[in-house]
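Asks: Residue numbers (this note's numbering), protein chains in the order written: chain A, 1 to 219; chain B, 1 to 230; chain C, 1 to 261.
Honestly, I wouldn't trust all of these hints.
A partial selection of chain A residues facing chain C, derived with a Cβ cut-off under 10 Å [as the list claims (entries may be wrong)]: (1) 34; (2) 83; (3) 85; (4) 125; (5) 132; (6) 135; (7) 141; (8) 148; (9) 152; (10) 156; (11) 159.
I should point out that these hints are in silico values taken from the structure, not numbers from a laboratory.
Quick caveat: nothing in here was measured; it's all calculated off a predicted structure.
All C-beta atoms in this analysis are idealised placements derived from N, C-alpha and C, irrespective of residue type, glycine included.
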Amino acid sequence: MIESLSYPLGFVIPLLVAAGVTIKVSVGAFVLAILLGLVLASIRFFVPSPIVRIPIAIYVEIFRNVPSLTHLFIIFFGLAYMGVRLGSISAAVIGLGLIGAAMLADVFRAGFEAIHVGQREAGLAVGMSPRMVFRHIILPQTWRVTLPPIGNYAVQVIKDTSLVAAIAAPEIMFTARNLVVNTFETTLVYGIAAGLYLLICIPLSRAIRRLEQHMAIPR
Amino acid sequence: MIDFFRTLFEHVPLWAPRLIPATGVTILITASSFALALVLALILELFRSLKIRVIDRLIGGYVEVIRALPILAVLYLIYFGLPGVGILLSPFAAATIGLGVVYSTYLAEVLRAGVDALHRGQREAALAVGMTPMALFRLIILPQAVRVMLPPLLVSLVSLLKDSSICALIAVSELTLIGRVMMSQYFLPLHVFVLIGALYFSIAWPMSLFVRWLEPRLNRGRRMAAAGEP
Amino acid sequence: MNESIPLLRVVDLHKSFGDLKVLKGVTFDVAPGERVAIIGPSGSGKSTCLRGINYLEPPTAGRIELDGVVIGQREVTPGIWRRMSDTELAPQRAEIGMVFQLFYLWPHLSARDNVALQPQKVGGQSRAEALELADAMLAKVQLSHKADEFPERLSGGQQQRVAIARALAQQPKLLLFDEPTSALDPELVGEVLNVIHALADEGRSMVLVTHEIGFAREVANRVLFMDDGLIAEEGGTSLLVNPKSDRLRQFLRQVNRQDGN
Numbered sequence: 001m002i003e004s005l006s007y008p009l010g011f012v013i014p015l016l017v018a019a020g021v022t023i024k025v026s027v028g029a030f031v032l033a034i035l036l037g038l039v040l041a042s043i044r045f046f047v048p049s050p051i052v053r054i055p056i057a058i059y060v061e062i063f064r065n066v067p068s069l070t071h072l073f074i075i076f077f078g079l080a081y082m083g084v085r086l087g088s089i090s091a092a093v094i095g096l097g098l099i100g101a102a103m104l105a106d107v108f109r110a111g112f113e114a115i116h117v118g119q120r121e122a123g124l125a126v127g128m129s130p131r132m133v134f135r136h137i138i139l140p141q142t143w144r145v146t147l148p149p150i151g152n153y154a155v156q157v158i159k160d161t162s163l164v165a166a167i168a169a170p171e172i173m174f175t176a177r178n179l180v181v182n183t184f185e186t187t188l189v190y191g192i193a194a195g196l197y198l199l200i201c202i203p204l205s206r207a208i209r210r211l212e213q214h215m216a217i218p219r
Numbered sequence: 001m002i003d004f005f006r007t008l009f010e011h012v013p014l015w016a017p018r019l020i021p022a023t024g025v026t027i028l029i030t031a032s033s034f035a036l037a038l039v040l041a042l043i044l045e046l047f048r049s050l051k052i053r054v055i056d057r058l059i060g061g062y063v064e065v066i067r068a069l070p071i072l073a074v075l076y077l078i079y080f081g082l083p084g085v086g087i088l089l090s091p092f093a094a095a096t097i098g099l100g101v102v103y104s105t106y107l108a109e110v111l112r113a114g115v116d117a118l119h120r121g122q123r124e125a126a127l128a129v130g131m132t133p134m135a136l137f138r139l140i141i142l143p144q145a146v147r148v149m150l151p152p153l154l155v156s157l158v159s160l161l162k163d164s165s166i167c168a169l170i171a172v173s174e175l176t177l178i179g180r181v182m183m184s185q186y187f188l189p190l191h192v193f194v195l196i197g198a199l200y201f202s203i204a205w206p207m208s209l210f211v212r213w214l215e216p217r218l219n220r221g222r223r224m225a226a227a228g229e230p
Numbered sequence: 001m002n003e004s005i006p007l008l009r010v011v012d013l014h015k016s017f018g019d020l021k022v023l024k025g026v027t028f029d030v031a032p033g034e035r036v037a038i039i040g041p042s043g044s045g046k047s048t049c050l051r052g053i054n055y056l057e058p059p060t061a062g063r064i065e066l067d068g069v070v071i072g073q074r075e076v077t078p079g080i081w082r083r084m085s086d087t088e089l090a091p092q093r094a095e096i097g098m099v100f101q102l103f104y105l106w107p108h109l110s111a112r113d114n115v116a117l118q119p120q121k122v123g124g125q126s127r128a129e130a131l132e133l134a135d136a137m138l139a140k141v142q143l144s145h146k147a148d149e150f151p152e153r154l155s156g157g158q159q160q161r162v163a164i165a166r167a168l169a170q171q172p173k174l175l176l177f178d179e180p181t182s183a184l185d186p187e188l189v190g191e192v193l194n195v196i197h198a199l200a201d202e203g204r205s206m207v208l209v210t211h212e213i214g215f216a217r218e219v220a221n222r223v224l225f226m227d228d229g230l231i232a233e234e235g236g237t238s239l240l241v242n243p244k245s246d247r248l249r250q251f252l253r254q255v256n257r258q259d260g261n
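Okay, chain A solo, but in the shape it has when bound (with noise of 0.2 Å):
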């Protein structure tokens, strides 16, 4: 495989692919933690009813209080054991997907909540009902006060992509460690790795604080 190895360029070169698909699994996952959690913090907003929350509830706590390894684990092996077999980089977006949606389902209903109940009330007096109430009043608003945990989750996905080299999903840390085994030059290609991160989440976490501060909430 590193047969040609001119270092350091021999290294950097399957680092950069392998950064592509954190970045690809990365983008998988939050777009589907983003819909998947808005979507169950809507419901549970909606739905007074227990047969719907408590489901919900159940999910959002097991996720929380699970490390992410073990749900890995178990969406990867555990489902190939049911006879499920889930390519490793599905698995790894399926799962840091779910995980993040079950934190992203509580940071939408506070997002909910942080909206004073007055402004419902309001809404409702003049007319609209429950759902308009939500698309107009709510949901317009949910974004300024969402912004900033969203944020941190999108720096924090790229994080936990690490995760999924345990599932050998060829992404940096997974590649990173197939080059050591080969190469033995722990520090150079684990420092590489590092570096990678650093180039990708130090800007995008910059990024995101000049958002919220060109977005800084009012009121």
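Given the structure of chain A, go ahead and fit chains B and C onto it with the hints provided.
Replies: What follows is chains B and C alone, placed relative to chain A:
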């Protein structure tokens, strides 16, 4: 479904002798890294309180770098990378240091929030009634700081417990690693990891519930009436 | 006396929060064009009563009728009434305009959009029509020049006037005011009271819960004094000068003492 649970319960006595010490290791790692994180956080905040700009910038940069790295990357750098410059650590030591360093950045924020939580007016009022600075610290600042810091600290502890599973990937014999081993030994990945998940859950969830129970009690009387709330 | 159906009938309203009985059987009518002021000490249930009218605080027992139609409940089978959901209630609430003590303007919308939202999204008007109506209502409360401002840039008095415009845009049959000036700085109270006064002069039907006794005398033609969950005394505004019951006399004396009379 029933078969699943039957198989699971059949194996529990077989697996317990390995799972229990592994759980112990998990708890030990969590506790020692939390302690280290707390100490490091205190040091960080102490340096920050000096308000020397150079130090602030250095600490800021240091924190930014640590926060941009995945925990696994930090652990690999410490366990596999350091030997390259001559420092060899046991898996347990590397894990404790790695987790401790990473979490110290989060705990530092918690500590800062705890101290900032006090309004200056309270300090002035206490001095005005003739309290010594020591009494002020003991009776006014400390109780309130603790109130503010306790829930986030506990939440971080739960988070650390979950992240301790990452140490499995640097050969620490904690719960997740044992799970991997048993999984290939018994060919029952689903059962093994569901059980392991349940074990983590049984430790983490009560702590989460405790925090949720604790929070309103600690906040009683702290909330200033929001403007215009009837 | 008017033989037509009263615009609003409140019949035997009860409301409990758990063990706490806040309303213990309140009954009164509002005729078209009447302005009813509800006064009373805190805890008497006046706000709860008002909010029961548009079912924001659904009563535990009793009935509300607007123009002869029962609000908030449906008769599923003769004799069996079921409370309506918020979605079912929406059209009924659209006919009642409410102004809240804390205004509750929507912060992400400009003043004009706050007022236009209801006509457009509930009233079914086109955006152009809704905006026209909004501008007209804002002109009525003398805030045309602030139509594009967001609530955070408006003073309390201005926000409340926008809230009034918002309620007016519903073209409601009845207006409800829940202590509209209690949260305002004293110098801003006047501008809001002037607007309400003008609405009263137009002959709009309204129920006004207020602390401003003097204003109640100017604007209302009927007064309800509530105490401890019941109507303790009711009559014309002369009550405010010549109370009949001791309780009302005591209350008025306390209020006057606060105003420095």
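Asks: All hints, please: hold or fail.
Replies: Verification of the hints:
no., hint, result
1, 34, "violated, 20 Å"
2, 83, "violated, 44 Å"
3, 85, "violated, 45 Å"
4, 125, "holds, 4 Å"
5, 132, "holds, 6 Å"
6, 135, "holds, 9 Å"
7, 141, "holds, 5 Å"
8, 148, "violated, 17 Å"
9, 152, "violated, 23 Å"
10, 156, "violated, 28 Å"
11, 159, "violated, 33 Å"
Violated hints, listed in ascending order, are 1, 2, 3, 8, 9, 10 and 11; each of the other numbered hints is respected by the structure.
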